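There are 4 protein chains.
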Amino acid sequence: MNNRKIRMGMVGGGRGAFIGAVHRMAAAIDGEIELVCGAFSSNPKKSKLSGQDLYLPADRVYGSYEEMIKKEKELPLGERMDFVSIVTPNHLHFGPAKMALENGFHVVCDKPVCFNLKEAKTLQKIVKKTGLIFALTHNYTGYPMVKQARMMVAKGKIGEIRKLVVAYPQGWLSTKLEDSDQKQAAWRTDPKRSGIAGAMGDIGTHAENLAEYISGLQIKKICADLSALVPGRQLDDDGNVLLEFNNGAKGILYASQISAGEENNLNIKIYGTKAGLEWYQMEPNSLIVKWLDKPMEIMRTGVGKLYPEAQEHTRIPAGHPEGYLEAFGNIYRNFAKCVRARLNGKKPKAIYTDFPGIEDGVRGMLFIEKVVASGKSKQKWTKF
Amino acid sequence: MNNRKIRMGMVGGGRGAFIGAVHRMAAAIDGEIELVCGAFSSNPKKSKLSGQDLYLPADRVYGSYEEMIKKEKELPLGERMDFVSIVTPNHLHFGPAKMALENGFHVVCDKPVCFNLKEAKTLQKIVKKTGLIFALTHNYTGYPMVKQARMMVAKGKIGEIRKLVVAYPQGWLSTKLEDSDQKQAAWRTDPKRSGIAGAMGDIGTHAENLAEYISGLQIKKICADLSALVPGRQLDDDGNVLLEFNNGAKGILYASQISAGEENNLNIKIYGTKAGLEWYQMEPNSLIVKWLDKPMEIMRTGVGKLYPEAQEHTRIPAGHPEGYLEAFGNIYRNFAKCVRARLNGKKPKAIYTDFPGIEDGVRGMLFIEKVVASGKSKQKWTKF
Amino acid sequence: MNNRKIRMGMVGGGRGAFIGAVHRMAAAIDGEIELVCGAFSSNPKKSKLSGQDLYLPADRVYGSYEEMIKKEKELPLGERMDFVSIVTPNHLHFGPAKMALENGFHVVCDKPVCFNLKEAKTLQKIVKKTGLIFALTHNYTGYPMVKQARMMVAKGKIGEIRKLVVAYPQGWLSTKLEDSDQKQAAWRTDPKRSGIAGAMGDIGTHAENLAEYISGLQIKKICADLSALVPGRQLDDDGNVLLEFNNGAKGILYASQISAGEENNLNIKIYGTKAGLEWYQMEPNSLIVKWLDKPMEIMRTGVGKLYPEAQEHTRIPAGHPEGYLEAFGNIYRNFAKCVRARLNGKKPKAIYTDFPGIEDGVRGMLFIEKVVASGKSKQKWTKF
Amino acid sequence: MNNRKIRMGMVGGGRGAFIGAVHRMAAAIDGEIELVCGAFSSNPKKSKLSGQDLYLPADRVYGSYEEMIKKEKELPLGERMDFVSIVTPNHLHFGPAKMALENGFHVVCDKPVCFNLKEAKTLQKIVKKTGLIFALTHNYTGYPMVKQARMMVAKGKIGEIRKLVVAYPQGWLSTKLEDSDQKQAAWRTDPKRSGIAGAMGDIGTHAENLAEYISGLQIKKICADLSALVPGRQLDDDGNVLLEFNNGAKGILYASQISAGEENNLNIKIYGTKAGLEWYQMEPNSLIVKWLDKPMEIMRTGVGKLYPEAQEHTRIPAGHPEGYLEAFGNIYRNFAKCVRARLNGKKPKAIYTDFPGIEDGVRGMLFIEKVVASGKSKQKWTKF
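From first to last, the protein sequence lines are chains C, H, E and L.
54 is the number that this note's numbering gives to position 54 of the first sequence; each next residue is one higher, with no gaps.
1244 is the number that this note's numbering gives to position 244 of the second sequence; each next residue is one higher, with no gaps.
2298 is the number that this note's numbering gives to position 298 of the third sequence; each next residue is one higher, with no gaps.
3280 is the number that this note's numbering gives to position 280 of the fourth sequence; each next residue is one higher, with no gaps.
Among the clues, some could well be false.
Unchecked claim - Simulated restraints on C-beta separations:
id, chain 1, residue 1, chain 2, residue 2, range
1, H, GLY1016, L, ALA3154, 31 to 41 Å
2, H, LYS1221, L, GLY3016, 50 to 60 Å
3, E, GLY2016, L, ALA3350, 48 to 58 Å
It is worth saying that the hints were derived from the structure and are not from the lab.
If you're wondering where the values come from, they're calculated on a predicted model, not measured in any experiment.
Even for Gly, the Cβ is constructed at its ideal location relative to N, Cα and C.
Produce the entire structure from the sequences given, and follow the hints as far as they go.
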C-alpha cells in the first residue's frame, strides 16, 4: 500500500452525541487513522453540519450509512474509507455492520455488539464468511495495567484463581434523567433502543468482558437480582450477580447506575492461591498486587519491567498519566495496525491482534440474555 | 458507690490467645475499668501463669469460670468483680454468660454471641429476666465515623437507601493453616468449636451487624453461595450473598478468608437517593460522602461539626489517628458508664447506651442459620 | 478561511525523541490540527525517515528548519503550514522560533523557552513586533483541575494566600544515565545544550510556572540550594528553594531528578486564610480542598458545577480519566482556536486565550538565572 | 520486685489539659503501668478534682509537684510511685524533672524537654549523675513503620541517603485562637511559657527528631525562614528550613500551624541511591518504598517479615489499625520495661531501650536555638 494513514468512515456520532467524539479522539491520537467520511446522523442536515464541524469535505458527508457505504465503495482504494466505525445506539449496530462487511469494509463497533443475541450470532457468521477485521470497543481492556494483570494471571503469578469481584457502579441515573432531554439517558433506558437490559447491557457487559479478559476464565453459571430502583424506569438500573467460573472459582459482578455519587468506578479484584490483584479504572495506571506473605506492590504504567503486552500499549514515560482516551486509542491503534498489515498482505505482529472482536460481542449478548433470564427466575442458578 | 474503677473478671484470654489481649487493652485505655480476676484457661496451671503475666494476685486467678463466679460472689461489693468479660471460642460463650448473669454479674461477650441460635435465644431470656447489662463486642460499630454514618442516614442526609454493599475480605486462611499449630485457625475452622459457619460466623456477622447498624434497615431475604475453597476445609471460607432489605433496598454482603493478601478489609458502601457513603475499616478516620451534584466530601474524625454521637467517641484531636483498640474501647467505655450508673442507681446518659447487646447477638445467630440454609438451598431467596 | 484544520510544521521530534511525539499526539487529539510538514532532525536522512513514519509526503519533509520555513513560505496559504512547533533541546529553540516568526508563522515552543534570558528577551521583542501567536508548552497548566484551582484563588475562595509549597520530584537521573546512550539524559545534563541549569531548568521552571499560574502571585525573592548529587554530573540534579511572594506569602519550591523511585510527581499545596488547595499531577482529576472548619472536599474533573475555565478543558464525562496528553492537548487546542480566529479575522473567545506565552517564557528564564545565582550566593535572599 | 505494675505519678494534666490524658491512655494501654498519684494542677483544688476524675485516693492527689515528690518519697518502695510523668507546658518541665531525679524517681517528660538549651544541658548532667531512666515523648518514633524505616536505612536497603524532606503542617492556628479562651493555643503562642519558638518548638522539633531518628544522620547546617503569618502573633507559626546533613545529603524541613485545613500531617520522604521511603503519620500503618527499578511496595504493620524492631511494637494483627495512642504507648511500654528491669536488678532487652531520651531533648533544644538564630540571620547557612 501507499504510505498513508488508515481511512475511517463513521456511522453516528453527530452533534450532541457522546461516544462518537470519544471514538474520533481515540482514533486520532496515534496518527495512524484519519477520518475521511461519515453518516453522522439519520437526519441528513444534521449529518452535514456535523461533517462541517469535523472539517470534512461536503461530498464525503452522507445522509445515511447505506449511502455512505455505496458511494465510498465506488471510490478507488486509498481514497475510499478502509473501515467503518459504528457509534450509534444498540439497535442501530447490526444494519450498518452487516452492510459494511458485505461490501468489503472492516468494522469497528461500539458495544454491546447488537440489539440481541440472534443479531450477534448472524453478525458472527458474516464476519467469519467475509474474513474481514472486526473490533468491538470494550475499551477498558486497552489499559496497559489491565494487560499486565491478564499476563500475570496467564503466567501463573497469582496461582489458581479462587475468587473474583468485579463492580461497575455509576450514579448518573440516580434521578429519572430520561424524563428530561438528556439524550444519553433517553436511549439507554428505552427497551426499543437499548434492548432487554439497561445497566446490565450498558456497563454490565464491560464488567463481564473485563473479568473474563483478565482472568482467562469463563462464567459458567450465574444468579442475578436485577432491579429498576428509580420509580417508573423501564429497564434495570442496578444488578447484583453471583458467579461461578469454569474452574470452580466463585465471584460477584455488580453494575449500577443509581449508586449516587459514583462517577465511572469500574474495578476488579481477583484472588488466587498466591496473590490478589486489584485494579480501578479511575486510577488506571496502578495495579495493586497483594501477596500472601510479602509487602503489597503497586505496579505502575511505565515503571520497571512490565510484560511487553503492557509496555506496547504505553505511550509516554511513567508518571505522565494516560487515561481513558489512550486506552480506547489502543483498540484503534491495534485495529489500524491489523488493517495496514492486511492492506500490505502481511501478518500483523501478535501484540496488535489483541483487541476485542465479534466473539466478545456474542459472549456479551449471551451475558445479557442470561442475566435477564436469571433475574426473572426463582431458581438460584442459571447456566451459561 | 465509692469513687473507683469498674472491676472486670475475664473468662478465657490466656497465653497464646488473641482476642483476650484485645479486650484487656480496650478495657484499660480509658481508665474506667480494672482487671481484678480471671479464669484465663480451662487448664488451671495455664490460667495461673496468665494471671501472673497480668500482675494479678494469685488468689484472684481461678481454674475455671465456675470457680471464679462462685468465689467472686462471696467477696463484698466493691472488692468483687462487677462484670465478666467472655473471650473464649464460640462454643464456650453460653455457659459462663448464663452463670454470670444468674449470679448477678453484668457481662461483656465476644461475638458471635453463642454456638447456635437456640443458645442465643435462651441467653436473651436470661438477660431480660435478670435485667443485667450485656454487651456484645461488635467492635466495628465503636468507630466514630461509623457512628457519624449512622447518624447521617438517620437524619436523612443521604435520602432513602437504595443499595448497600458490605464486604469483609481477609486472606489469612488462604492456606490450610489449621493443619499447623495455629490456634486461631484451628478453632475457627472446626465445626465443634465454631458452629455451623466459618467465615460467615467469624466475620460475616460483623458485616451483617455493621450494615444494619449504619443503615437502620433490616435484612429481609437473602440468597447465599458459601464455599470452602481451600481443599479439605470443613467450614465455609468464602461467602457471597445477595440481600434485600425491609425498605426494598438491594445489596450484597460478602465475607472471605481466602482473599489472598487482604488484611482485615471490612468496608461498606451505602447509596441513597441523595448521596453515597463509603467507609473502610483500615482507614477508619475517614468517611467518604459522594453527593449527587457537588464535590465529594471526606469527613474526618475530629474535623468540623460532627454529630455528638461521633464526637463523644473520639479521644484526641484530628489527625492523631485512632484505631481498632480505641473503637473497641468505646464499647467498653460505654458499657462501664452504664454499669457505673447502675451502681449509683442512676440512668446513664443516652449516648453511653450505644453499644451492641443481646438483640444484636440473636440477630447475628439468625443470620448464621439463614445464610447456611440459603447456601444449601436451590431456591434463590431465603426469608429472614 | 476555508473549513479546514490548522496546519502544523514541526522542528525536531524525529526518531528516538520523546517530546516530539507528545506534541504530535497532543495536537492530534482534538481534530483541530494536522501535521503537514517537518524538519525532524538536523540529520536530513533521519528527518526523511521520521517523516515517512508519520505518513508525510516526501516533499514536505525537510533537512533543516531553515529549508522548511523558506519552502513552506512559498506555498499558498491553506496549503502551507500555519504554524511551527519547536520540540528540540533548549539551545535549539531560539533560532527556529525567530526565523518562523520573522517569516510570518505562529509558533508553539517547548519549554524552557530559550537557552538563556537574553535570547528570551529578544524573542519577546520579536513576538511583540510581529504580533504573531506564540504558545509555550507549560502543559501542566492545561489540566482542568489546575484551572479550577486558579479560579478558586482568583475568586477569593481560599482567602488571602499565606503559604505555598510546590514540589517536582523525579527519580530517573538517580544514576549517571548520561554516560549511557540515553538521549534524553544526555542533553539535559549537558550545559552546552541545556543551559546553566539542569533539573531547575527542565522541571523547576514547570514548578515555578504552575505556582504563579494558580496563585496569581509573583515570586519576589528566593533562597536556593542547588546540588549535583550524582558524582560527576555537570548540572544540578536537585534544588531546594525558599520563596517569598509579592503579597508576603512564604513558600518552598523544590525540584529533583534524583529522588529515587519518584515518577513525575509534580504537586502543589496552597494555603490561604480560609482553606488549603492540593493538587497532584499524577492524579490530575482530583483537586483537594481542605477547609478550615468543614469537611475536606475532593473536586473532580467533570463533577458538579466547576468554573467554565475547568469545564471547557474537559472532553469526557466524570470518571473517565483524562491525563497528560489531554492537558497538553488543551494548550494546542486553545492555540489552534486562536490561530483559526486570526485566519478568520476574528477575536478568539476569551477562554481560548488561556495558554502560556512568551511572558511565561521570559519569566521562566529569569527564574533559571536567579535560582542559579542564589545557589552560588552566601547571602540568604536573592531578589527577583 | 513484687509481681506488680510500675507506678506512675503525674505532674500536670488536670481538667482541660490535652496531653495529660494522652499520656495516661498511652501508659494504661499495655497493662504495665498504673497511675498512683498526681499533682495535676498548680491550683490545689483543681488538682484534687482531677484526681477524683481519675479514681485516685484523695491522699495521693497533691497540690504541687514539690509536695508530691516529698510525700511519695516517704512511702515504702512498691507503694510509692516509681516514676514521674511531666505533662506541663514547656516552662514547667525543668523544675519537676530536676527534683524528681534528685529524689530518686525516674522521669517521663513531654517535649520539647525544657524552656531553653541551658536548662536542657543542666538536666542532661543530672540524668547522667543520677543514672536514672529518662524518657522524652517524641512519640512519633514509636510507630512500627517508623522503626521499620529506620532499620531499612540502617541495613542499607535504600543505599546512601541523598535527600530528605520532612514536613509537619497543621492548620489549627490559622486564626488568632490565642485571643479566645483556647488553653492549648494560649500557652503555645506565649514566649513566656513556650520559649523562643512557636511552631518550630512545638512541632518542628518532632520533625527534626523524626528525620534524624529514621535517617541515622545529623543535621549539620540550616537556612531558616520563620514567620508569624497571623497578624499580631508573637511567635513563629510557620517555618521553612533548608538542611544539610553530616553525610552531605540535602533536605527540607517545614513546620506550620497556619496551613489551613491540615490536621496533623507529619510526613517524611527519604531518598537514597537505591530507593525512596515515604511515611505519613495520618496513615501510620503504611510505609511506601519506591524502588529505582521495580514496583513500589507498601509495607504494612503486621504484614510479612518486618524487622523485629517493627514487630515488637505491634500489638494486633495486620489490618486492625493501630494509631497515635499505640505509638505513644510504645514509648511508655519500653520505658516501663526498663524501669522493671532496673527494679529487678537486670538489664532490659535491647529492644526495650529504644525510646527517646535526654540526648534527643538536648538536640531538640539546640535545633530550636539554631533555627531561630538562622531565621534572624542574613547569611544563608547557620552551622549546627
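Evaluated hints:
With their beta carbons about 32 Å apart, H/GLY1016 and L/ALA3154 fall inside the hinted range of 31 to 41 Å. Between H/LYS1221 and L/GLY3016 the beta carbon distance is about 53 Å. The supplied range of 50 to 60 Å therefore holds. Checked against the hint of 48 to 58 Å, the C-beta distance between E/GLY2016 and L/ALA3350 comes to roughly 55 Å, which is consistent with it.
Every hint, counting from the list given before, is met by this structure.
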